[in-house]
Each structure stands twice: as structure tokens, then as C-alpha cells.
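Enquirer: These protein sequences, in sequence, are chains Y and Z. Here this note's numbering is used: position 409 in the first sequence is 409, and no number is missing along the way. Here this note's numbering is used: position 14 in the second sequence is 14, and no number is missing along the way.
No lab work stands behind these hints, which were simulated from the structure alone. What you are looking at is a predicted structure, and each value in this text was computed from that prediction instead of being measured. Possibly wrong hints are sitting among the right ones.
[Unchecked claim] Here are the computed lysine to aspartate or glutamate pairs in the EDC-like style, where the Cα-Cα straight-line distance is at most 16 Å:
no., chain 1, residue 1, chain 2, residue 2
1, Y, K366, Y, E214
2, Y, K293, Y, E303
3, Z, K405, Z, E152
4, Z, K202, Z, E15
5, Z, K171, Y, E428
6, Z, K367, Z, D225
7, Z, K71, Z, D82
8, Z, K303, Z, E314
9, Z, K141, Y, E428
10, Y, K401, Z, D34
11, Z, K4, Z, D82
12, Z, K171, Y, D343
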Amino acid sequence: MSKTFDIIILGGGPAGYVCAIRAGQLGLNTALVERGKLGGVCVNVGCIPSKALLHSAYVANLVQHDAKKLGVSVGDVSLDFAAAIKHSRQVSEQNSKGVGFLMKKHGVTVIEGSGTIGTGRTVTVDGTTYTAEKAVVLATGTRVKGLPQVGLELDGKTVISTDEALFLEKVPSSVAIVGAGAVGCEFADIFNAFGAKVTLIEMLPQILPLEDAEAADALRKVYKKRKIDMLVSAKVSKGVVGDDGVTITVEVDGKAKEIKADMVLMAAGRALNLEDIGLEGAGVERDERGFVKVDEHLKTTAEGVYAIGDIAGPPMLAHKGSREGVLVAEVVAGRAPHPIKYDNVPSVTYCHPEVASIGLTEEQCKEQELDYVVGRFPFSANGRARAAMETDGFVKIIRGKRYGEILGAHVVASHASELIHELAVARENEYTVEEIDLAVHAHPTLSEAVAEAALDSLGRVLHT
Amino acid sequence: MVTKVLMEALSPTMEEGKVLSWLKHEGDQVSDGDVLAEVETDKAVMELQARGQGVLRQILAGEGATVEVGKLVAVIADPDEDISGALGGTEAGAARPSAKPERAAEEPETAEEPAAPTTREAEPSPAESQPTTETSGRRIKASPLARRLADERGLDLSGVSGSGPGGRIIKRDVESAEVTAPVAAPAPEGGYEDVELTQIRKTIAKRLVQSIGPVPHFFLTTEVDMERAWEARAQLNALEQGPRISFNDIILKVVAQALVEHPACNAWWMDDRIRYFRDVHLAVAVAVDEGLITPVIRHADRKSLREISAELRELAERARARKLTPEEYTGGTFSVSNLGMFDIDQFTAVINPPEAGILAVGSITEKPVVTDGDLEVRRRMRLTMSCDHRVIDGATGARFLQSVKLMLENPLALVW
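So here's chain Y without its partners, still in its complex pose:
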């Protein structure tokens, strides 16, 4: 195998492998270094398998609660978490193999092992040093982490991360989840659907702390109905692991509260994979938060070294990393790609109902003292949602008062993850709420609620 490439990418997750595909398309001699499975966390222990489990959870809820009313009686329902896990693993395996196929298709050389960068655009893997003529791209991503400072170090049994949760043989009878961001809320949904008693613990004042308060509150109401316990503004002060589970002490409103559970899932933040990859030696600097310092073209402080994905800074989302991968491949190939609009990256939590958003929350609009108008439309007034008995949620569009530009949009709905993209396209192209309304929306669809929310912001809503 040749030891010289145009571009060498460290990490085969959604940032790195997409960068490799684009580099291959642009005719660059490309190598991808991956120590685990192709596809990274996303494909193997993240986005993809969790979506499979969430679909199992959805079906579990459907057959137990809504099916009968929809005219389908299924008799006694038995839930088989192991089967759900098995399905999710198959999906992950297929996707990872798919990435391998894509690497072959685009002429990308995959080097198995852990890479360390050196000076002069070199990468060493298992004692062999490779040289990149044009660029080295760091895409090493993140890994799970516990909270050892309060006694909750990951042990893989009682104190677990998503790495273990995605392989559990059976659902624990009770589980505490530390962190009510997207990951915490999604696993709360899964465990709850499969019968576990779930307690969500969030340090900030609302679940989904990064989302618009109204959107987060809509999910809170649904979760409350589903008997998921939620503690917000709750600081974990101590965790004690015993033979029969874990006892967690949290402080809420200055009062200590104890929560006992079979297991605790640590879902508060992830650690950057930046140790032992030779950053200092190569002259790659990190910022005060620990991310790799990059410019608008994702160039690091070392000549010819780029960083993409989670290690290059928030939002830590697969689609943001993939886009950075494309951009860097194009920059390295001598193209002049359009800059990434980081303020137009959609964010989705795939629980039921889903919560999706783009742009500013209403709270941010207030903070920035923007002159805005809010339009809303509830799915309880949407025919398609009623037909599917999925009337939880709404579309909320925040527009600039003067020009009608879409400052932010928030969707809580059974398929919010799909609905958000109309608004992403609109924002990317600087459409205003009027262009949203002018585009005829098919009837009956959930998307009609998007158009209606746009109209509502103009004071012209039709169906409420």
C-alpha cells in the first residue's frame, strides 16, 4: 500500500467519512483512518441504532394505546427489548457496511487503527507513517463520559452510558437518566415505552434546555402523562452504587432528594477524543473550552491540518459534521465553497412527539431585543394529525416584525424531524413568512401547520 495520499482523514464518523466521499469525488487520493467500525458513533452507537429503538418504542405505544381505537385489536401485548436491540444492531451493521461500500466506490483507502499526527502533514498508524500531500483532517469525534467527581464513574453495569444502553438484554425496572438533552429524552422515551420507571434529571431549568421553552414544555406535558418523572434545576451532588442499584442525591431548590434506581444512564455531555493523537507536537491548538481552534475554513493552527465535526466546536451534531467534511474536501481540492451558516443547522430530538427547531428560540429573540412576532398552529387543529391520533404539539414560527424573515422555528409533532426542513430551506434562502404561505401546501398534511403558523404570524391564520 502506498504511504502517500493527497488527504488523510482521522476518524470514520459522519464528518470524516463524508469528507472522504467528497474528497474522492473531487479526484483526491484519499485515506481514512478508523480504529473501530466505519460510521463512527452515529452509525454504530448513536443516531442510527437509537432511532431503531425509538421506532420500537413508538410501535409499543401504538399497539398498547391507540391501536384498539383505530380498529386494530392485538390482544395481549408482550414487549421484547432484546428483539428491539437485535433489530437496532442489524440496522447499525447494515449502515456501517454501507459506509464501507461507499469508501470503495469513491476509491478511499481505509486504514484500520488509531492515527497520531506529526509535523509536515504526517499520520502514524501502528508504526507506519503516512504522508498527506495536501491536508490532514481531524474528525476524531467524542465519547461517552460519566461524572466521577460525584461518584458516578461509568462502570458499564449500574452506571452506564449509551454505549451500554444500546446493547442491554432487558430493560431495567427503574432507571435514572442524568441529563435531559436530546439523548436523555430519547432514552427516557425508549425505557418508558418498554416499561421502566424513568426519572429524568436535568441541571438546567427545563428538559431539552437548548430548545424554545414552549417546545420543551409541550414535551414535558406529554412525558408527565406517560408518567416519566422529571427533575429540573436539579444538581446531582452524589451517587452511590450498591449491590441492588444506585442511589443518587440531587439538590432541587436547595433541598436534597434521593432517587433510587436499578441503573443510571449518564447522558450529560461527551468527552472530546483529542488525547493521544499528537495535537501538541503538530502545533494544533485548542480553545478555552477544549475544542480544536479553527478558522472559517476549519483550518487549525497547524499548516495543512483541518478539524471537523464535534471536535471543531458546537453544535455537536452529525449533519453539521458532515457538512464540514464536504466543505473541507472542497477547500483542499481548491474550490471556494460557500461558508456554512452555523445559525441554520436544524436540531432534532426523536422522542414522541419529536421536537425539532432551527434558528433562534423566543428566549434568544428577547435577549437580543429583536422586534419579533410569533405565529403558532396546534396539531389539534390539523386534520391529518387527528386522523393519525397524533395531535400533540404545534408549529411555532418567530418572524422579524419589520421584514418577516424567519428568526426561528420550533416544531413539536409526530414527524417534526421531517417538517423542520421546509423552514431550513426557507431560512437558507432568506425567504420570509410570506414565501412560506405563497407556496401551496398539500391537503391534508402535517406541513399545512407550517403554512398556517406562517399565516398566524401575519394575523391571517385560517383554521383556528
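Mind docking chain Z on chain Y? Use the hints.
Expert: Chain Z in isolation, oriented as in the chain Y frame:
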């Protein structure tokens, strides 16, 4: 047989022609001598005839396109004949598509946010279709938000370069254009209309520049009876309200009003087009120690006599103190220069490009005048207008000057 249809020299001086309309269309059977298209030359609209027969297979120069003489505009051939040789062999006469005037910006009134009864009703702009930066010949690629911003701020998008995909103008471009505009290219507020040059106007421009300097001036002089203006000024000043009105103030007010009536004189020569402004921004020549400077009274057409008077006084003071900012002495749409106070009876002023006209004002003197056979002594003043002939023709300038004269001789006409 393949027949190439070339742009023909339809007049002896024709160098290029503009296809106005195709009378035959692709797929039509044509015979030798059939009129294929109407072409505007430097002098007139002429017919382009077929020089062969067959089917009009392909048209290469669409309506509105300007094509050099000798360049391919269409191909005539048998229905199934291979015409690739004809298409490849001659450089196709693809050219600047052009045509109708381009509305660059909305009137400021319509761009303002409509007064809203409640917050919920506050729509960002009328929902009805509105002619905004729509252009016919040359499409300007701009995002809806960029168009809204530009419309409201009276910014001409044709002068903005886009940084979005495919050169699309986005919000950021409009915002940065606003910041740089006064320095780079002073764009007066209020909107204007760009009109593409017709062949005739192009020829006029070329010939005239060849004959006299880069700006082909011509001059129009008229004598105005100032008796009534004299009385009006005396009466106004006797009221002792507001600043003392000078004759120059009255002339500026009248000129601004006349320019509203004659927008053809309120324009810039832009080399490839003429820019007609909707608002009047009057540049006024002010003598200063080191020479001359022309502070601009913005929106002079919307200002009262008192406002013009006060503003000019303030601008002139700061001009003499050399305290004007560049934005304050650039971007005029028409100029006025007054040497009456130096007892100059009459003079010709030099145009300040890209403006197309300047009015030179002489002193008011008592003269013997014959009116209806009687000899009278009356106060008279001479006005001389310098015109850029590429923009203003003799009759156009004369009609403008007539309006100025009429209003000065009948000051009440100002309030018509």
C-alpha cells in the same frame, strides 16, 4: 441547403442591431425574401429578410438581444439537415439581452411599514404582489429578504454584487452595500429608474462625444421677468418669520419643482444607460476660498422654501469652514450655480458629471423692456442651462426652462 441568417448592415452607419421581435419562429417554413424579424438600428426599425428558403431551424438571438453586424442570428435549413456546422462555424451573435426600463426601487412611501392596528395585524409588507426589483431583460438574483431590505432603503440591487449561490444577492450584501455606498458610489436616496439606451441614443452619444469633449454640452438661455418674484420675496421677508429668503432660495425651490415636472432633466449619464431619479437632490455651487464646492440639498422637491433656505445657509457655512462630509457634497441629481451677486449678467456653467444639467443664474438688473408696445423698466434675470446632449435634447431642456420661467414669473404656480 443551410442558410445562415446574419445581422445585416441595414443602414450605412449601423454597427449593431437590436432584435425587437421575431415575425417567424423556430419550425416555420420561410421563403427567400420573407421578413424574419424587426431590427432596431442606429436610425430606425428595419426588417431583416430571409436570404434562402427552408425551415427556420434555430434562433440564436432572442428578442431584445443586441447583435453586431455580421454575427449569426438564426439558421435556415431543410427539416432534417445537420446544422451543427453552421452553428459552430460562426460565432453566435449572443449578446446583451436588454429592453425595458428597470424599476430599481420602490417609492419610499410604499415601502414604509403600514400602520398596524395591532401587533398581530402588523404584516411586514402588503401581501399583494408588488413591483419591486423586477426587471425584464436582466433578472437580478436576490433573496426575498434582500429585496425587502433594498426596497425599503431605496437601494438599487443592480449595483450590488451578490455573495450567495450563483451570485445571488443576500441580506449581508445589501447591508454591506449600504455601508459602502456613500463612499464608493454616492447613491442618492429616493429611488430612480434606469433606462437602457436605444440605438438612436447610443449613436447620438457617440457622435456628440466625438465632436466636443467627453460631455457634449449645449446651452439654452432665457430671460425671466423677476418683478413678481421680487414682490413675493419682499412680502415674505416682511412677515419676519423664519429665515430671510434670498432670490437664490426661490430659484432653488422653483428648479426642484420644475425637475419634478421634467424628470428627463433629473438624470445621470451612466455610460450604458441613463438613470432617471424619482427625487430631486439639488447640488448648489458655493464659492469657497480654495475654489468651489457643491453641497447637496437632499429631497429638495419635498422641502418648503423655508426649509431649503435654512438648509442651504447651514450647508454653505460649513462648506466655507471646510466641514462638509463627502456624502454632503456628492450625489446631486442636478446643479444650480448663481453668480448674480457678482453682477454677472449671464454665463455658462460646466456640467458636473454624471449629472446631465446645470442652471447658471445671472444677476437681476433693471432693463428697458417692451411689453405690448409700451416701454417699461423691469427687473430681469438671465438663466442659462447647460445640458448633456446625451441625456437632454434641445426641446427637453427648453420645456424645463419654460417651467422655471413660468414659476418665477408667477410665483403662485409653485403651489399648483
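Enquirer: Next pair to validate is K405 (chain Z) with E152 (chain Z); report whether the Cα-Cα distance is within 16 Å.
Expert: Given that 16 Å is the threshold and the Cα spacing comes to 36 Å, the pair is violated.
Enquirer: Given the hint that K202 (chain Z) pairs with E15 (chain Z), test it: the Cα-Cα distance must not exceed 16 Å.
Expert: Holds. K202 (chain Z) to E15 (chain Z) sits at ~11 Å (cutoff 16 Å).
Enquirer: Taking 16 Å as the top limit, are the C-alpha atoms of K141 (chain Z) and E428 (chain Y) close enough?
Expert: 15 Å, holds
Enquirer: K367 (chain Z) and D225 (chain Z): Cα distance at most 16 Å?
Expert: Holds, because 10 Å separates the two Cα atoms, which is no more than 16 Å.
Enquirer: Check whether the Cα positions of K171 (chain Z) and D343 (chain Y) lie no farther apart than 16 Å.
Expert: 14 Å, holds
Enquirer: Is it true that the CA of K401 (chain Y) sits at most 16 Å from the CA of D34 (chain Z)?
Expert: 59 Å, violated
Enquirer: Given the hint that K303 (chain Z) pairs with E314 (chain Z), test it: the Cα-Cα distance must not exceed 16 Å.
Expert: With a Cα-Cα distance of about 15 Å, the restraint between K303 (chain Z) and E314 (chain Z) holds, given a limit of 16 Å.
Enquirer: Compare the distance between the alpha carbons of K171 (chain Z) and E428 (chain Y) with 16 Å, and conclude whether the hinted pair is satisfied.
Expert: Status holds; Cα separation ~11 Å.
Enquirer: Is the straight-line distance between the alpha-carbon of K4 (chain Z) and that of D82 (chain Z) 16 Å or less?
Expert: Satisfied, since the Cα-Cα distance of roughly 13 Å is no more than 16 Å.
Enquirer: Regarding the pair K293 (chain Y) and E303 (chain Y), is the alpha-carbon distance no greater than 16 Å?
Expert: Holds. K293 (chain Y) to E303 (chain Y) sits at ~13 Å (cutoff 16 Å).
Enquirer: For the pair supplied as a hint, K366 (chain Y) and E214 (chain Y), confirm whether the alpha-carbon distance does not exceed 16 Å.
Expert: 14 Å, holds
Enquirer: So if I understand the rule, the pair passes when the alpha-carbon distance is 16 Å or less; does K71 (chain Z) with D82 (chain Z) pass?
Expert: Violated, because 20 Å separates the two Cα atoms, which is more than 16 Å.
Going down the numbered hints, you'll see the structure goes against 3, 7, 10, while the others check out.
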